[in-house]
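*Asks:* So the chains spell out like this:
Number of protein chains: 6
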Amino acid sequence: MSDRPFDLLTLGELLLRLSPAGVERLVRGDSFQKQVGGAELNVAVGAALLGLHTGLVTQLPAHDMGKFAKNKVRSYGISDDYFVYDQSSNARLGLYYYEYGAYPRKPKVVYDRKNSSFVYINEDSFPDEMYKATTCFHTTGITLALCENTRKTAIDMIRKFKESGTIISFDVNFRGNLWTGEEAKACIEEILPYVDIFFCSEDTARLTFKKEGTVKEMMKSFTKDYPISIVASTQRIVHSPKSHTFGSVIYDASRDEYYEEEPYHNIDVVDRIGSGDAYIAGALYGLLSSGGDCMKAVQYGNATAALKNTIPGDLPTSDLSEVNTVIREHNDKGPQSEMSR
Amino acid sequence: MSDRPFDLLTLGELLLRLSPAGVERLVRGDSFQKQVGGAELNVAVGAALLGLHTGLVTQLPAHDMGKFAKNKVRSYGISDDYFVYDQSSNARLGLYYYEYGAYPRKPKVVYDRKNSSFVYINEDSFPDEMYKATTCFHTTGITLALCENTRKTAIDMIRKFKESGTIISFDVNFRGNLWTGEEAKACIEEILPYVDIFFCSEDTARLTFKKEGTVKEMMKSFTKDYPISIVASTQRIVHSPKSHTFGSVIYDASRDEYYEEEPYHNIDVVDRIGSGDAYIAGALYGLLSSGGDCMKAVQYGNATAALKNTIPGDLPTSDLSEVNTVIREHNDKGPQSEMSR
Amino acid sequence: MSDRPFDLLTLGELLLRLSPAGVERLVRGDSFQKQVGGAELNVAVGAALLGLHTGLVTQLPAHDMGKFAKNKVRSYGISDDYFVYDQSSNARLGLYYYEYGAYPRKPKVVYDRKNSSFVYINEDSFPDEMYKATTCFHTTGITLALCENTRKTAIDMIRKFKESGTIISFDVNFRGNLWTGEEAKACIEEILPYVDIFFCSEDTARLTFKKEGTVKEMMKSFTKDYPISIVASTQRIVHSPKSHTFGSVIYDASRDEYYEEEPYHNIDVVDRIGSGDAYIAGALYGLLSSGGDCMKAVQYGNATAALKNTIPGDLPTSDLSEVNTVIREHNDKGPQSEMSR
Amino acid sequence: MSDRPFDLLTLGELLLRLSPAGVERLVRGDSFQKQVGGAELNVAVGAALLGLHTGLVTQLPAHDMGKFAKNKVRSYGISDDYFVYDQSSNARLGLYYYEYGAYPRKPKVVYDRKNSSFVYINEDSFPDEMYKATTCFHTTGITLALCENTRKTAIDMIRKFKESGTIISFDVNFRGNLWTGEEAKACIEEILPYVDIFFCSEDTARLTFKKEGTVKEMMKSFTKDYPISIVASTQRIVHSPKSHTFGSVIYDASRDEYYEEEPYHNIDVVDRIGSGDAYIAGALYGLLSSGGDCMKAVQYGNATAALKNTIPGDLPTSDLSEVNTVIREHNDKGPQSEMSR
Amino acid sequence: MSDRPFDLLTLGELLLRLSPAGVERLVRGDSFQKQVGGAELNVAVGAALLGLHTGLVTQLPAHDMGKFAKNKVRSYGISDDYFVYDQSSNARLGLYYYEYGAYPRKPKVVYDRKNSSFVYINEDSFPDEMYKATTCFHTTGITLALCENTRKTAIDMIRKFKESGTIISFDVNFRGNLWTGEEAKACIEEILPYVDIFFCSEDTARLTFKKEGTVKEMMKSFTKDYPISIVASTQRIVHSPKSHTFGSVIYDASRDEYYEEEPYHNIDVVDRIGSGDAYIAGALYGLLSSGGDCMKAVQYGNATAALKNTIPGDLPTSDLSEVNTVIREHNDKGPQSEMSR
Amino acid sequence: MSDRPFDLLTLGELLLRLSPAGVERLVRGDSFQKQVGGAELNVAVGAALLGLHTGLVTQLPAHDMGKFAKNKVRSYGISDDYFVYDQSSNARLGLYYYEYGAYPRKPKVVYDRKNSSFVYINEDSFPDEMYKATTCFHTTGITLALCENTRKTAIDMIRKFKESGTIISFDVNFRGNLWTGEEAKACIEEILPYVDIFFCSEDTARLTFKKEGTVKEMMKSFTKDYPISIVASTQRIVHSPKSHTFGSVIYDASRDEYYEEEPYHNIDVVDRIGSGDAYIAGALYGLLSSGGDCMKAVQYGNATAALKNTIPGDLPTSDLSEVNTVIREHNDKGPQSEMSR
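Protein chains in written order, with UniProt numbering: chain F, 1 to 341; chain C, 1 to 341; chain Z, 1 to 341; chain D, 1 to 341; chain A, 1 to 341; chain L, 1 to 341.
To be clear, the hints were calculated from the coordinates, so they are not data collected in a lab. You may find that some hints are simply not true.
Where chains are identical, the list cannot tell them apart; a pair therefore holds if satisfied intra-copy or between any two copies.
[Stated by the list, open to error] Here are the simulated DSSO-like pairs of lysine-lysine, each with C-alpha atoms no more than 30 Å apart in a straight line:
(1) K70 with K108
(2) K108 with K333
(3) K114 with K70
(4) K185 with K333
(5) K210 with K333
(6) K152 with K211
(7) K211 with K333
(8) K162 with K132
(9) K216 with K333
(10) K152 with K114
Chain F with its partners taken away, still in its complex shape (with noise of 0.2 Å):
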């Protein structure tokens, strides 16, 4: 796309994630899955598996845990360039432990990821030319809501990334436990002048940013407040935690108009764990690959968003070629086979 080496660097923490397997509880069984995830971990994957070269922004500990991180994510074909280690002896992996849920039990989340190595992250660890090394910078509000250090680092780097010509996205992925509506509303507006693709969702808009009217008209009152070229918004209907419908709408500022298509009905879900982030993922592929083909990044989206639900953990595994046949699938009326072979 442009002659940086990266398409897309994302700043985020890397969390390990410990879930019984299948059906079991949190609070019995004698085993755990070992995975990882994270918001922005998330969406790095998702898009490197469907083609563009992306790599992680994140501090995590030097010992066996961050070895085991670094080969997880390396094993999705994302780079660790970026990667800081931890020495100290305080370094720890934040984690969550997640359970899954069944009609009338929900889902559920118990993070333990205060003081982990990411916290402390320094933007002095990382190079100048890390800024100039790749066309688009993604991150979230989950950063912003760690605490002062991240909060100022992600600012930052917002800041030094944009002055470098770098297209800058950004999540909301407004979390309740992290930080109040208030604050994060002021400490977004703080960064929305450097934002080329916001990602917001209508509960947020309305309840955080407090605007008002349909999802269509919040998306394009933030275009005419700041300098925002894109803003996507998803719809999911959750009929019970193992089915789900899923759709977006996009606005393009410069073009004033949406787009958006048939949702992905009666999803199996496996686990909705890092189903946005795929969205992001297959929305900013749509974006990148296409300068800016907004249709391509509502298609891309849904299709990366829908797969992963149908994949155990917060990562996607689709690429290019399993999300191609599935937008094809989707779009195609006539009989199908029902199974590749």
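Given chain F's structure and the hints, the job is docking chains C, Z, D, A and L onto it.
*Replies:* Only chains C, Z, D, A and L this time, still in chain F's reference frame:
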């Protein structure tokens, strides 16, 4: 609640349950899940999780499998004060094999519980103080049906508990493979004069007790024939082995009133075994913790049963905070988060 | 049935199947389930479980993986009398990789069956008595399609079995990755003069054999062109990878009658591989055990296929008593127990 | 060998074995390995793997666990022609719990085999032809010890097989938890007049049969008291639960000669259960396949037993080619490859 | 023993332990075993299994992982009466990652226990009655080393327990990654005036406490400097990560006598973590159950520790009957059965 | 080291390895561990873990199993820049079945690698720059032996790499199942003129190359016949499949000196496959990172090989810090901690 050390004691057999994992079958495969269950155990565990102080009155082998059973149930928070250990060389833990179903294949149970240590239970093994140690005593038709000795022991214990002012709870739990309807009717009518809280399904009322009319009419008629205070009846609609709808109705004879609520629809059934017992656990918790509030019994019974359906094994795992959350969400018609974070 | 030692012999390749457990993917994960399958094997196993004396005619490697395959299929009750072992150092067991699907992700098959020991099968390895040893002989289009040698061997065997008075059963089982529709049509038309029982789906009749009209018209037209006695055609509706509806119609040329029943709706699909073969197993059992009762063939075919969908792996596991139970429940419109105790 | 259809039939109980995997314990853990075993079954399986045509004479439940047992043993290549199914509602598969040891903790067995379907075995269930169907018949002291009925049945069968010219093989296999030494001595002395091949350990000869002298003297003395042709005695040195040394000596009365070889030293013991039975399988193979070559019996007995110690479960898995390889390497004093490629 | 409700209370942190199964490594693999441990917990569990009434004094998170820990330790039979739950949103369960070794690769531990709920433990959370509730109180240098707050709490509790006439047991358990030898020496010397039973290894006596002479001389010297009644010191010889020899010596100051026995040689080490704590459990059982018999302490300490080495996880699983069997066999020089039947 | 982008490129086949877990056997069981390996891959991985920048030159299928292999090896830190994907419908990943041994049962390998995508590797698929991209190039006799095409490709590549000034490393790795000793000798003598670093075992020198004398004499003689700089030879003593002793000697022709150290005795062997390749990885690391220090090569070779023996699978997992620790402990004769904390 009262000043007795236990809120609830139940009398019954503790069984080993052996099931192939997931979709595997009894007739093949190389491993079994190793769990414990038993109607009265399930009730004691469910009520303990909700906060009652409960215990099981039982006899089990002194060898390692008896120790396994003890360790397992202790982990669920119930007391083993009234566990009597069978030291004989013939001591055995009754067991059953269980296979999950998938339409059109039904779940399957194969019993191997004859001659277990439980059927040699002896009243004299238990101290007289036991009869004054609990607010409520519960047993089921299974214990009556197992053999002459368990029947006699159960009836004697019911009498002694009743004499000491204990609330008597009884669940018909009719099993055609243990006795005939006629035997069940004759035996249970012998103990109904002692029963305060009576659990009986519509089918059993009609087929075994030869009642006629609507389910509510049948429930009420029991209270006319016997000095029963409360009659509860559950309703389950089986859409497939993996999807049920569950609700119940409770009749309070003193107020001559029926209590019910909207059933839980399309429960994601993982394991339906023990969900009826979980209902009783919830209903008894509702009654005992409130001094007899039947609406609370309906709500806690339904929610506890619905939750149990989503849990593998006979035993529930939901504590008071989880059940409260599900009740609140069941009654809340507004938008809901799809996950507990 | 007859005085021949076998009721059914089938000719075909025995494959190793490697699948990630549950929802895991081929491109990651650390283990495979180790199973065996193969269209004609599946038929022989399914019919053996129902009580026929069946065997597979095949060639497989003499090394440990050939022994594994032998041990595994013996456990399902079929004979290995006609297993020929390839002692060469190149001997290999053909295999395929299989991944389960979840909407919108389809199940996926990757084959690695070229140059397996089976494709070097040699008629001379089998004794002449074999051709008089069975009431019915069955093979499929897959064996015809694998290579020149298996095609020639299969056709020769069909001729020899036919000459000895054996009933010939044939399933088109068209696979576009093995040959073209034209090749299939030409080859199969060469053997149709020998076929008594013909299994062909509506799609294949239309697309491969260029038939026109309704499915019933097409079925009948085969019996006009060739001396086929019975034509069977299955219908599957795929609601999602986890929910299918399955039914069939059978045409009896001598009576000029069609047989069908209410399909099995919304089957809880665990693994759809081999369900078509299970249908044939059930249908052949119905026909061979009754002297040609097509209604029995429909009932046993549908029930066996419906049940197979609920079982992991290619091979069915349902014996006669299980299939009889499902048939009885399928036809019983009254209230049913939800569990087999 | 002879023209009888079987080379070896054994009479005995088929047990379900439940063991925690690896180093886990009976008193905790969430799963069991699901295996089958039984002294006489183990012998029949071991000999079948070496190429004899063998079968087990037994009775087992008609329900799914009986089917499981049948499927499992069929996969090892033995016949189920003389499996009688107990259709009663009390039918049960005897079972035992097994836990591996690690010094200073010994392996542990907990039996639950009382009242199994086997103990109700009835001679009348078996056809008269059975008594002429095999070259050799084998049973053990366990079958004699289980109960009055199995003792009577075993003795009657021994007499009938003997009358038809069958070689009678018998293993004392003394188990102090089933009967006393006195009972064993009295009962076994009743059948020794019929026995041709007698397996008896040094300890049992001394403690149960009150023999005196060296092991060789004791072995010989049996052949003086009874018309026994061959006496075999194994020697096991237990260095730790994970390291044994195993050897044997065989006495041929007709030649008045002893046969032995260098023991297998420091065997890597994975599971020692069934290794004595594997010895008998190898020894009987040696004798029956050679017309009575005792040196071959020693070699195949020792090698098969040594190999069995390295295999989890009761059942051996080593076929003739594997046993031949081990015998060759055991006798080969030159350099050896460390791997079979 | 006394009329206090508990025989032993211990104060310490309860940790989650995450280990790859078997020979897998931290830096790769997809699952963790989910266990609990902690030096003082291990002691309480080991002593409870032997029959003492024990409990742990600790603080842990109120969320699901705290409940998991509670459920798990309850299954081992210890009391949770003095579990205080941290309701804060930062509540966390300290944890450590553990990898088994194989020569020349050593076992490895990575800690992540900073800022756990335990380090915020508050004396005021515990009732005054606690200090009179137990015959013996035990804690270790780990609790002293964790942080200022746990050190102060531990020392205060030691004083209060001592004042109420409780026997004080203390294990140095020096961990170089928690504090320096100088810090340890200074702090522990502050509490030695209160200690009755003192556990200290030879290395620690020499390197940390700067003692000189033989191990026996060093042990005795502690009793000269402080009013310590009993000093115990274990000796472990590591042949490889899978084979250790373990023994101990105990000094009784009042009798001025040393007690020891033949060590356990070449223990089959499965998991050496917690074996030192198991020693203490056994030794305290020996002392408390006998009124101070040091030889019994040596025997139960050594046997319990030797057995623990054969058990995966931190926690012992051996009850009194198992330990008694091992002691008897350890002292029995005659022939032994190789298996417990 | 040099300014070339890679330190080491290796040429070879990447195989799928399928092994039963632990002590299970190929001929039974229901699962396989899914791993990758290959002599030259193992070398590249081992050296990458130690810090070299390495890559594999290979061809593999474009389908999901090729992607699996790519993902897996990427997780070990080597480059896939020179992975060529076979898009043909016949593309296959060569594979082998592996079974662990236990004395007297040896480990066993069954190959199924014929006609894999690798054997169709085409020099033209690789860019000319590749030949100048690495400091060292390594391949083995396996690649030469596979088929005419791989032999020609390997020899051509060796020539081209040599011409560009690359250090050529070669391991004989003789496999009797791929070619005869005569074929091997003739072929390898053709490439020895290009080889700088030569790995050859004592047995192969004697049996294949017909060398005579001591191992040191034979090693030296190679350097007289050819312009080889360094010859390395490993020595393995197999005590049992679970215990080996491993050491090596390296000869430096320019200095005419031999380097060796005390072997690693009684290694706890978990999986010996790939330990010879790990030796080469360590030795090449030692040489390349030091500019040819043969003592460093011996130390890193031995330690890396010893460690690999303790790791399941073909691939090593030990990074520089782990290997350094083992080297330090191997040389340290003082007391050592038994655990890494």
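*Asks:* Could you run down the list of hints and mark each one as holding or not?
*Replies:* Each hint tested on the structure:
no., hint, verdict
1, K70 with K108, "both (26 Å within a copy, 19 Å between copies)"
2, K108 with K333, "between (37 Å within a copy, 21 Å between copies)"
3, K114 with K70, "both (20 Å within a copy, 23 Å between copies)"
4, K185 with K333, "between (43 Å within a copy, 28 Å between copies)"
5, K210 with K333, "between (40 Å within a copy, 23 Å between copies)"
6, K152 with K211, "within (26 Å within a copy, 53 Å between copies)"
7, K211 with K333, "between (38 Å within a copy, 24 Å between copies)"
8, K162 with K132, "within (10 Å within a copy, 38 Å between copies)"
9, K216 with K333, "both (28 Å within a copy, 26 Å between copies)"
10, K152 with K114, "both (17 Å within a copy, 25 Å between copies)"
Hint compliance for this structure: every hint is met.
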